[in-house]
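S.K.: Under this note's numbering, the first residue of the sequence shown carries the number 1191, and numbering increases by one thereafter.
Do not rely on the hints blindly, as some may be mistaken.
As the list claims (entries may be wrong) - Capping the alpha-carbon separation at 35 Å, the derived lysine-lysine pairs in DSBU-like fashion look like this:
hint	residue 1	residue 2
1	K1199	K1438
2	K1532	K1420
3	K1351	K1371
4	K1416	K1438
5	K1438	K1257
6	K1257	K1306
7	K1199	K1556
8	K1502	K1199
9	K1210	K1306
10	K1556	K1490
11	K1502	K1438
12	K1221	K1257
13	K1220	K1416
14	K1278	K1257
15	K1438	K1532
16	K1306	K1371
17	K1371	K1257
18	K1416	K1532
19	K1556	K1416
Said to hold, decoys possible - Computed spacing ranges between beta-carbons, pair by pair:
hint	residue 1	residue 2	range
20	R1333	Q1548	39 to 49 Å
21	D1518	E1418	13 to 23 Å
22	D1399	D1350	32 to 42 Å
23	D1434	E1406	15 to 25 Å
24	T1276	Q1558	29 to 39 Å
25	H1487	E1398	32 to 42 Å
26	R1280	K1257	10 to 20 Å
No lab work stands behind these hints: they were computed from the structure. Heads up, the beta-carbon is just placed ideally off N, CA and C, and yes, glycines get one too.
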Amino acid sequence: MNALDTALKRLQETAANPRKVLDGYLSSGKKVVGCFPIYVPEELVHAAGMVPMGLWGGQVTPTLAAKYNPIFTCSVMRSCLEFGMTGKYRGLSCVIMPVLCDTFRGMSAGWRAGVKDIPIASFIHPQNREDPYARDFLMAEYRALADRLEQLTGAVIKDDKLCGSIEVYNRHSSVMMDFAKAANDHLDVINPIVRHAVMKSAVFMPKEDHTAVVQEITTELNKLPKHEWKGKKVVIAGITAEPDDFLKIFIDNNIAVVGDDVAQESRQYRTLIPEGGNPWERLSQQWLNRWGCSVVHETKFTRGQMLVDMAKNNGATCVANCLMRFCDVEEYDSALINKEVKAAGLHSLCLEIDQSTQNNEQSRTKLQSFAELE
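Take these sequences, add in the hints, and give me the full structure.
M.R.: Put into structure tokens, the structure is as follows:
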């Protein structure tokens, strides 16, 4: 097995076995903090010498979670609560939850009631980002979050360590975007399942380790001759685009993913933490700099044009919106995305994602129909 295959296999195994990864951290004596999606300031956890680990749920039919989260709430939140209540997250020192939507507001109370053994630290991002005091508010939220983490874990978060963590995370974000670019020249190797594994594995690994592996993958890809893809190309959007059975439908129909605005994937890497001196100001300013995202309020809708540009710049003829079932903020954006994508002369698909079902046949039919278009 060559270096490229070895590195890709490592990330695929990591993405597929987060509990095994968590057990490895715990057995080595490390403290692990669970981070709910999206935009948790993991740098605070990293600066404290602990391991931040993403909580993105998974394929499960909730039973216990239904006590606090009804069926019409986002399936990521329902599956996360189910895993918390059934012990899948046992061993976490605490979890961090950003309150970004109405579902999160209810979920924070549900977690406190249903998961007694894992304490929660929550915080709020200011949605009126044009307010002159928005950054000050978020700085106060981050400092309060840091205090809460220190109380729950006994860790200490120092400014100099936080500056170092910011550089680690910026480096990782840059490497991830380099990989996404290189992958498009080698779609025979980086199919949708492999691409997703490289992205998803980042939420389970220390960023220094993941950066090194992805950098090696990108280097090895760039040594290969460019591949001329003969099938169709799409850009995907959404909160998640999984499981692998869902992504296999793309592969079965000779459809390549050449770009994404997926919260679990590139969306969290495209906005670097700005330069500066005060690390708290820098972290807060990153939130103010984010754009084209369903959980970030904008007075002018930019996400549709962003996806159109992404598709055209990468030779894609379609935007496939992987719409998380009952995710209000994504549903609000869906109609606007569809309108702007079609107006630009591109195809638009809406593929429903639901972690409580294994049935992807509607998505299969839509993707097969797109693949058969001349």
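S.K.: Take the hints in turn and mark each one as holding or not.
M.R.: Here is what the structure says about each hint:
| no. | hint | in the structure |
| --- | --- | --- |
| 1 | K1199 / K1438 | 17 Å, holds |
| 2 | K1532 / K1420 | 23 Å, holds |
| 3 | K1351 / K1371 | 31 Å, holds |
| 4 | K1416 / K1438 | 23 Å, holds |
| 5 | K1438 / K1257 | 33 Å, holds |
| 6 | K1257 / K1306 | 15 Å, holds |
| 7 | K1199 / K1556 | 30 Å, holds |
| 8 | K1502 / K1199 | 31 Å, holds |
| 9 | K1210 / K1306 | 23 Å, holds |
| 10 | K1556 / K1490 | 30 Å, holds |
| 11 | K1502 / K1438 | 24 Å, holds |
| 12 | K1221 / K1257 | 29 Å, holds |
| 13 | K1220 / K1416 | 42 Å, violated |
| 14 | K1278 / K1257 | 18 Å, holds |
| 15 | K1438 / K1532 | 26 Å, holds |
| 16 | K1306 / K1371 | 43 Å, violated |
| 17 | K1371 / K1257 | 44 Å, violated |
| 18 | K1416 / K1532 | 30 Å, holds |
| 19 | K1556 / K1416 | 30 Å, holds |
| 20 | R1333 / Q1548: 39 to 49 Å | 43 Å, holds |
| 21 | D1518 / E1418: 13 to 23 Å | 41 Å, violated |
| 22 | D1399 / D1350: 32 to 42 Å | 22 Å, violated |
| 23 | D1434 / E1406: 15 to 25 Å | 23 Å, holds |
| 24 | T1276 / Q1558: 29 to 39 Å | 36 Å, holds |
| 25 | H1487 / E1398: 32 to 42 Å | 33 Å, holds |
| 26 | R1280 / K1257: 10 to 20 Å | 19 Å, holds |
This entry does not satisfy hints 13, 16, 17, 21, 22, going by the numbered hints stated previously.
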